[in-house]
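A.B. asks: Residue numbers (the numbering used here), protein chains in the order written: chain A, 9 to 463; chain B, 9 to 463.
Careful, some of the hints might be misleading.
Capping the alpha-carbon separation at 20 angstroms, the derived lysine to aspartate or glutamate pairs in EDC-like fashion look like this [unchecked claim]: (1) A:Lys450 with A:Glu420; (2) B:Lys50 with B:Asp11; (3) A:Lys116 with B:Asp289; (4) A:Lys50 with A:Glu394; (5) B:Lys116 with A:Asp318; (6) B:Lys336 with B:Glu293; (7) B:Lys336 with B:Asp366; (8) B:Lys116 with A:Asp289; (9) A:Lys270 with A:Glu309; (10) A:Lys270 with A:Asp318; (11) A:Lys116 with B:Glu293; (12) B:Lys52 with B:Glu25.
Facing chain B, from chain A, some residues (calculated, C-beta under 8 angstroms) [claimed, not checked]: (13) Leu113; (14) Asp117; (15) Gly139; (16) Gly171; (17) Gly177; (18) Asn178; (19) Gly198; (20) Arg223; (21) Asp317; (22) Pro320; (23) Pro321; (24) His380.
These are computed hints drawn from the structure, not numbers from a lab.
In this text, a Cβ means the ideal position worked out from N, Cα and C, and glycines have one as well.
Given next are the chains, with one letter for each unit.
2 protein chains.
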Amino acid sequence: MKDIDWPKVAADLAPIECIVDRALVRQKSRDFFWYSPVLNEKLKGVRGDLVVCPASEEEVVRTLAYCHAHRIAVTPRGAGTGNYGQAMPLQGGVVLDLSRLDRFLWLKDGVTRVQAGLKLIDLEAKSLPQGWELRFHPSTRRTATIGGFVAGGSGGVGSVQFGGLRNRGNVLGLRVITMEARPRVLELAGDDVMPAVHAYGTNGIITELELPLARAWPWQETLVAFADIGHATAFGNALGEADGIIKKLITAFDWSTAQYFKPLLPHMPQGQAIVLCMIADSSREPFATLAAEMGGAIVFERAYGRESDDIPPLYEFTWNHTTLWALKADRSITYLQCLFNGPDYLDKIARTIATFGDETPMHLEFTRFDGHVAAFGLQLVRFTSEQRLYEIIGWLEANGVPVADPHTFVLEDGGMKTVDAAQLAFKRRNDPQGLLNPGKMKAWTETSLTGVSLT
Amino acid sequence: MKDIDWPKVAADLAPIECIVDRALVRQKSRDFFWYSPVLNEKLKGVRGDLVVCPASEEEVVRTLAYCHAHRIAVTPRGAGTGNYGQAMPLQGGVVLDLSRLDRFLWLKDGVTRVQAGLKLIDLEAKSLPQGWELRFHPSTRRTATIGGFVAGGSGGVGSVQFGGLRNRGNVLGLRVITMEARPRVLELAGDDVMPAVHAYGTNGIITELELPLARAWPWQETLVAFADIGHATAFGNALGEADGIIKKLITAFDWSTAQYFKPLLPHMPQGQAIVLCMIADSSREPFATLAAEMGGAIVFERAYGRESDDIPPLYEFTWNHTTLWALKADRSITYLQCLFNGPDYLDKIARTIATFGDETPMHLEFTRFDGHVAAFGLQLVRFTSEQRLYEIIGWLEANGVPVADPHTFVLEDGGMKTVDAAQLAFKRRNDPQGLLNPGKMKAWTETSLTGVSLT
Numbered sequence: 009m010k011d012i013d014w015p016k017v018a019a020d021l022a023p024i025e026c027i028v029d030r031a032l033v034r035q036k037s038r039d040f041f042w043y044s045p046v047l048n049e050k051l052k053g054v055r056g057d058l059v060v061c062p063a064s065e066e067e068v069v070r071t072l073a074y075c076h077a078h079r080i081a082v083t084p085r086g087a088g089t090g091n092y093g094q095a096m097p098l099q100g101g102v103v104l105d106l107s108r109l110d111r112f113l114w115l116k117d118g119v120t121r122v123q124a125g126l127k128l129i130d131l132e133a134k135s136l137p138q139g140w141e142l143r144f145h146p147s148t149r150r151t152a153t154i155g156g157f158v159a160g161g162s163g164g165v166g167s168v169q170f171g172g173l174r175n176r177g178n179v180l181g182l183r184v185i186t187m188e189a190r191p192r193v194l195e196l197a198g199d200d201v202m203p204a205v206h207a208y209g210t211n212g213i214i215t216e217l218e219l220p221l222a223r224a225w226p227w228q229e230t231l232v233a234f235a236d237i238g239h240a241t242a243f244g245n246a247l248g249e250a251d252g253i254i255k256k257l258i259t260a261f262d263w264s265t266a267q268y269f270k271p272l273l274p275h276m277p278q279g280q281a282i283v284l285c286m287i288a289d290s291s292r293e294p295f296a297t298l299a300a301e302m303g304g305a306i307v308f309e310r311a312y313g314r315e316s317d318d319i320p321p322l323y324e325f326t327w328n329h330t331t332l333w334a335l336k337a338d339r340s341i342t343y344l345q346c347l348f349n350g351p352d353y354l355d356k357i358a359r360t361i362a363t364f365g366d367e368t369p370m371h372l373e374f375t376r377f378d379g380h381v382a383a384f385g386l387q388l389v390r391f392t393s394e395q396r397l398y399e400i401i402g403w404l405e406a407n408g409v410p411v412a413d414p415h416t417f418v419l420e421d422g423g424m425k426t427v428d429a430a431q432l433a434f435k436r437r438n439d440p441q442g443l444l445n446p447g448k449m450k451a452w453t454e455t456s457l458t459g460v461s462l463t
Numbered sequence: 009m010k011d012i013d014w015p016k017v018a019a020d021l022a023p024i025e026c027i028v029d030r031a032l033v034r035q036k037s038r039d040f041f042w043y044s045p046v047l048n049e050k051l052k053g054v055r056g057d058l059v060v061c062p063a064s065e066e067e068v069v070r071t072l073a074y075c076h077a078h079r080i081a082v083t084p085r086g087a088g089t090g091n092y093g094q095a096m097p098l099q100g101g102v103v104l105d106l107s108r109l110d111r112f113l114w115l116k117d118g119v120t121r122v123q124a125g126l127k128l129i130d131l132e133a134k135s136l137p138q139g140w141e142l143r144f145h146p147s148t149r150r151t152a153t154i155g156g157f158v159a160g161g162s163g164g165v166g167s168v169q170f171g172g173l174r175n176r177g178n179v180l181g182l183r184v185i186t187m188e189a190r191p192r193v194l195e196l197a198g199d200d201v202m203p204a205v206h207a208y209g210t211n212g213i214i215t216e217l218e219l220p221l222a223r224a225w226p227w228q229e230t231l232v233a234f235a236d237i238g239h240a241t242a243f244g245n246a247l248g249e250a251d252g253i254i255k256k257l258i259t260a261f262d263w264s265t266a267q268y269f270k271p272l273l274p275h276m277p278q279g280q281a282i283v284l285c286m287i288a289d290s291s292r293e294p295f296a297t298l299a300a301e302m303g304g305a306i307v308f309e310r311a312y313g314r315e316s317d318d319i320p321p322l323y324e325f326t327w328n329h330t331t332l333w334a335l336k337a338d339r340s341i342t343y344l345q346c347l348f349n350g351p352d353y354l355d356k357i358a359r360t361i362a363t364f365g366d367e368t369p370m371h372l373e374f375t376r377f378d379g380h381v382a383a384f385g386l387q388l389v390r391f392t393s394e395q396r397l398y399e400i401i402g403w404l405e406a407n408g409v410p411v412a413d414p415h416t417f418v419l420e421d422g423g424m425k426t427v428d429a430a431q432l433a434f435k436r437r438n439d440p441q442g443l444l445n446p447g448k449m450k451a452w453t454e455t456s457l458t459g460v461s462l463t
């Protein structure tokens, strides 16, 4: 995009807010790709040329029509909290910052409709007084946008109750703008939302979302210490399977991981494995009984929502935040994303720990997966080389543990969801010139180069 | 209890309300044991001698002390909605009607404390305006008492989310009066409640309960028709495992069972299998998509709470009410209670259907069971003889389908929970003379006769 006069583009788009300042554009071009040393090498030089910040759907449409006319790549972003380059503008061009589309439109009978740039925390600030909360959210609840989460995320805090974005029923509707001479406004409902969920904005720009919420419970945050990760894992599973104990979050760490949680160090017995939970108020007693029965000691308890300056909400030690705490202490650390699933999933976890030990400090996020309890492994990795990283990934996959590789920005190779023909067909219809977040959807890149049509 | 002067007992107990009228006493001595032709033979002549209706805990204590002093058997009852003689006074004596202990004491942070005789419907009339509902309830919600349910039931509508009474965390506290010269008032909490749950009041009289509630959702009642019970069962399982679809009830019937639901006949296509569900409002769309995908047709929908004179709440066609509809049409029908569980539970269901066909018209209640989806089989039985009934039960148990025999009033042989040493020890401490609901706890009867001590 070298021969484009970016100040002129900004002037053409006026009064739509644009950012041309190089330092600011660079800052607004980045996400958390640097979690991965592999992606860091590939993406550290990547930047957009212009950030466009529409404040209305009309401004989104105008921007897309303009960019389509001028063959300018457009990469959408929310808050840029993704961890594997979802929002990185590989070919430069326009970064479409949707964070000003932040209106809470309505909430009725447990369904809310909001604009894509609304922050999760602001969504819940509106819904909680009406007795509703998000079914699940990433650990970036205080910074991320809802559109960014649905376009680039998969699950999070609450998935132990409701599964993730891949599950039918967790996203009810999307409003999507196409990348054409005259951008169309699509209202997707039912299964039709799926091609645009976790598609990184490659096949349309999400401007509004219709989401089913969960009834809000009063929650307790708690830490339970165990002698070792084996006991912690057994407890995580037992708690997940305890139908009479209401929970929103079950995360297990061995000490190699937990040692990086600086604010929690005064509360965690040195060398022990930790299970971090969010439990309904009314489940505290049976939770404590189960913990004691399985050898655990409750070492920290706090009502959810009462975070202090010293200790942030406990969910900010879970999911992708876990890795962030480790990275703060040791820049050489990275992580994995895999799924321990099936009747023998606890065995798979035990074998992984036995095989890699402290090379991959354990971090487990218990989840519902198609109606039963499973665990995502987001274990840390003491990175030595890309080759060794892929040896570990190879071992996991050979041992029945699928890996959603967080060291690639290619949609098909990462994430928790594969690109199917429907998703590609959706891009063909909505972005025939391939200008949306280019370079991310392999199926598109390959068929474009070879002229093969999958439709 | 022939030599007791019952009018004198009533006079001694005054001003505690007593019923001496023979017809009324007989009526208040009965439950729904006649669901079973086997129990009907054994229990049809059973009646108490006096019904005592205390209006306060003090009156309960006074009644128990008096009966202890005079060696009078005491059999507690709520509304008498049990199906296998739980409340039948085998040795006559006093029937302790607890329905006047009906106070709603408090509700805080999702926990409620109520007196044992409070009806389920009245409990929810108080809790729903505060946004809370029972985690699960039997199909007798409109008539049963909460104490009767906890003392004689196991699970019900909502168990597909929260499991049953056997699951830790679903009963938080019980207040229990012992049967001694000076009855003690016990406050049980945590796992200590377990010996008194589903014990038919054999080891203490429950006067108050502390129960964790569930956040109340707006629900939809719905009927889905399928070509056959195989498709209906597959749908029930898929819906149970669909983490993104919120449900409170999933019940499957083949036509042989559904044909008895007279008020629903105008809505059910003749000859089809039916799945009856309660679904959160916000899950209607994904529910309909799943139903269509699996070959189902939604034939009835109604907002929960909008029942008409024509069609009662749909839960009144499920759980033990199902059998009642069949009995209204055909007095020779009875039923079973079994558990289809394990990774091959759908196969077990299919084999049961293939083996018994129309002799046991199918009725499945999908439930969570230790963290996964399973189904209780409450199939109807076209009864021919007790011998044949136990042949069927024998086949089920031999094929990995445990049966909670509803054709016995013996605690250990029926229900969903076995009597353990703790439960027996609890009776030894609380009812040393064996006066509470005598004849129901086999372990007691046997050790009393032989003098063997298990403690």
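A.B. asks: So, for every hint listed, does it hold in this structure?
C.D. replies: Outcome of the hint check:
1. A:Lys450 with A:Glu420: Judged against 20 angstroms, a Cα distance of about 7 angstroms means the pair holds.
2. B:Lys50 with B:Asp11: violated (23 angstroms)
3. A:Lys116 with B:Asp289: holds (10 angstroms)
4. A:Lys50 with A:Glu394: holds (12 angstroms)
5. B:Lys116 with A:Asp318: Not OK: Lys116 (chain B) and Asp318 (chain A) at ~29 angstroms, beyond 20 angstroms, violated.
6. B:Lys336 with B:Glu293: violated (36 angstroms)
7. B:Lys336 with B:Asp366: It holds: about 18 angstroms lies between the C-alpha atoms, which stays within 20 angstroms.
8. B:Lys116 with A:Asp289: holds (10 angstroms)
9. A:Lys270 with A:Glu309: Between Lys270 (chain A) and Glu309 (chain A) the Cα gap is close to 17 angstroms, so the pair holds against 20 angstroms.
10. A:Lys270 with A:Asp318: holds (10 angstroms)
11. A:Lys116 with B:Glu293: At roughly 15 angstroms apart (the allowed maximum being 20 angstroms), Glu293 (chain B) and Lys116 (chain A) satisfy the hint.
12. B:Lys52 with B:Glu25: Answer violated: Lys52 (chain B) to Glu25 (chain B) is near 26 angstroms, above 20 angstroms.
13. Leu113: violated (16 angstroms)
14. Asp117: With Cβ-Cβ at 4 angstroms, under 8 angstroms, it holds.
15. Gly139: Result: holds, 6 angstroms to nearest chain B Cβ.
16. Gly171: Check passed: Cβ of Gly171 (chain A) comes within 3 angstroms of chain B, closer than 8 angstroms.
17. Gly177: holds (3 angstroms)
18. Asn178: holds (4 angstroms)
19. Gly198: At about 5 angstroms, which falls below the 8 angstroms cut-off, the nearest Cβ of chain B leaves the hint on Gly198 (chain A) intact, so it holds.
20. Arg223: holds (3 angstroms)
21. Asp317: violated (26 angstroms)
22. Pro320: Hint on Pro320 (chain A): violated, closest Cβ of chain B at ~24 angstroms, above 8 angstroms.
23. Pro321: violated (19 angstroms)
24. His380: Nearest chain B Cβ about 5 angstroms off; hint holds.
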